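If you read the sequences in order, they're chains A and B.
Per my numbering, the very first residue in the first sequence carries number 190; after that it's consecutive.
Per my numbering, the very first residue in the second sequence carries number 161; after that it's consecutive.
Be aware that one or more of the hints could be misleading.
[To be verified] With a cut-off of at most 27 Å between alpha-carbon atoms, the simulated DSSO-like pairs for lysine-lysine come out as follows:
hint: 1; chain 1: B; residue 1: Lys215; chain 2: A; residue 2: Lys241
hint: 2; chain 1: A; residue 1: Lys192; chain 2: A; residue 2: Lys241
hint: 3; chain 1: B; residue 1: Lys215; chain 2: B; residue 2: Lys201
hint: 4; chain 1: A; residue 1: Lys299; chain 2: A; residue 2: Lys241
hint: 5; chain 1: B; residue 1: Lys174; chain 2: B; residue 2: Lys226
hint: 6; chain 1: A; residue 1: Lys295; chain 2: B; residue 2: Lys174
hint: 7; chain 1: B; residue 1: Lys226; chain 2: B; residue 2: Lys201
hint: 8; chain 1: B; residue 1: Lys201; chain 2: A; residue 2: Lys287
hint: 9; chain 1: B; residue 1: Lys224; chain 2: B; residue 2: Lys180
hint: 10; chain 1: B; residue 1: Lys180; chain 2: B; residue 2: Lys226
hint: 11; chain 1: A; residue 1: Lys287; chain 2: B; residue 2: Lys174
hint: 12; chain 1: A; residue 1: Lys287; chain 2: A; residue 2: Lys192
hint: 13; chain 1: B; residue 1: Lys180; chain 2: A; residue 2: Lys287
hint: 14; chain 1: B; residue 1: Lys174; chain 2: B; residue 2: Lys201
hint: 15; chain 1: A; residue 1: Lys299; chain 2: B; residue 2: Lys226
hint: 16; chain 1: B; residue 1: Lys215; chain 2: B; residue 2: Lys180
hint: 17; chain 1: A; residue 1: Lys295; chain 2: A; residue 2: Lys192
hint: 18; chain 1: A; residue 1: Lys241; chain 2: A; residue 2: Lys287
hint: 19; chain 1: B; residue 1: Lys201; chain 2: B; residue 2: Lys180
hint: 20; chain 1: A; residue 1: Lys258; chain 2: A; residue 2: Lys287
hint: 21; chain 1: A; residue 1: Lys258; chain 2: A; residue 2: Lys192
hint: 22; chain 1: A; residue 1: Lys241; chain 2: A; residue 2: Lys295
hint: 23; chain 1: B; residue 1: Lys224; chain 2: A; residue 2: Lys192
hint: 24; chain 1: B; residue 1: Lys201; chain 2: B; residue 2: Lys224
hint: 25; chain 1: B; residue 1: Lys180; chain 2: A; residue 2: Lys192
hint: 26; chain 1: B; residue 1: Lys226; chain 2: A; residue 2: Lys287
hint: 27; chain 1: B; residue 1: Lys174; chain 2: B; residue 2: Lys224
Calculated from the structure, these hints are not laboratory results.
Predicted model, so just to flag it, every value in this text is computed and none were measured.
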Amino acid sequence: DAKTTQPPSMDCAEGRAANLPCNHSTISGNEYVYWYRQIHSQGPQYIIHGLKNNETNEMASLIITEDRKSSTLILPHATLRDTAVYYCIVRPTYNFNKFYFGSGTKLNVKP
Amino acid sequence: GAVVSQHPSWVICKSGTSVKIECRSLDFQATTMFWYRQFPKQSLMLMATSNEGSKATYEQGVEKDKFLINHASLTLSTLTVTSAHPEDSSFYICSAILGQNNSPLHFGNGTRLTVT
């Protein structure tokens, strides 16, 4: 039921910005986009979410295109500890409680 | 911030036995919790939605008699893997929503189950 598409893996140099793309071309008007990450053998960690405006918090920024068909998660200064699998999730409106995970992007931050 | 706690963090059991995993919301009440399963190198798969005071709802293909869910209070949901088999070995993760509507899910740190 995942409605998102992400590249399977990406590399990023330590200290540089990591830009993780997500395609959600079938998103509905009132569906939010959520980003989580999972470090090996741990539960997913919430990062950020948004509807249509760009959002920023202490962890990251979320840029959503005007047509809402894609978004980008930006980690402004990646560290080795940001190495993880990043999941982009669209919560379905037919059951707003359910989160279905896609395959995610493995971000490798390299020294 | 919201914290979801799982116990145990890992468990080894023999085939045919049952294993109970607890999921607690530590600083908030959760009327709804969710159980996921994750096999190595795969994504999380939603197993069931746990509803306080009522029966859990299971995703298609998940055996409700195999994976018993009880949500007896607003802060505790349990998942019991009955008559465990080696193919049940997996990483089980629970989650809960703090608040309503578009609030994010908060996840526990998971339970690694190994069935020998």
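Evaluation of the provided hints:
no.	hint	result
1	B:Lys215 / A:Lys241	35 Å, violated
2	A:Lys192 / A:Lys241	17 Å, holds
3	B:Lys215 / B:Lys201	31 Å, violated
4	A:Lys299 / A:Lys241	32 Å, violated
5	B:Lys174 / B:Lys226	16 Å, holds
6	A:Lys295 / B:Lys174	34 Å, violated
7	B:Lys226 / B:Lys201	24 Å, holds
8	B:Lys201 / A:Lys287	22 Å, holds
9	B:Lys224 / B:Lys180	14 Å, holds
10	B:Lys180 / B:Lys226	12 Å, holds
11	A:Lys287 / B:Lys174	32 Å, violated
12	A:Lys287 / A:Lys192	12 Å, holds
13	B:Lys180 / A:Lys287	23 Å, holds
14	B:Lys174 / B:Lys201	24 Å, holds
15	A:Lys299 / B:Lys226	43 Å, violated
16	B:Lys215 / B:Lys180	17 Å, holds
17	A:Lys295 / A:Lys192	18 Å, holds
18	A:Lys241 / A:Lys287	20 Å, holds
19	B:Lys201 / B:Lys180	24 Å, holds
20	A:Lys258 / A:Lys287	20 Å, holds
21	A:Lys258 / A:Lys192	11 Å, holds
22	A:Lys241 / A:Lys295	25 Å, holds
23	B:Lys224 / A:Lys192	26 Å, holds
24	B:Lys201 / B:Lys224	25 Å, holds
25	B:Lys180 / A:Lys192	32 Å, violated
26	B:Lys226 / A:Lys287	21 Å, holds
27	B:Lys174 / B:Lys224	21 Å, holds
In terms of the numbered hints stated before, the structure departs from hints 1, 3, 4, 6, 11, 15 and 25, listed from lowest to highest.
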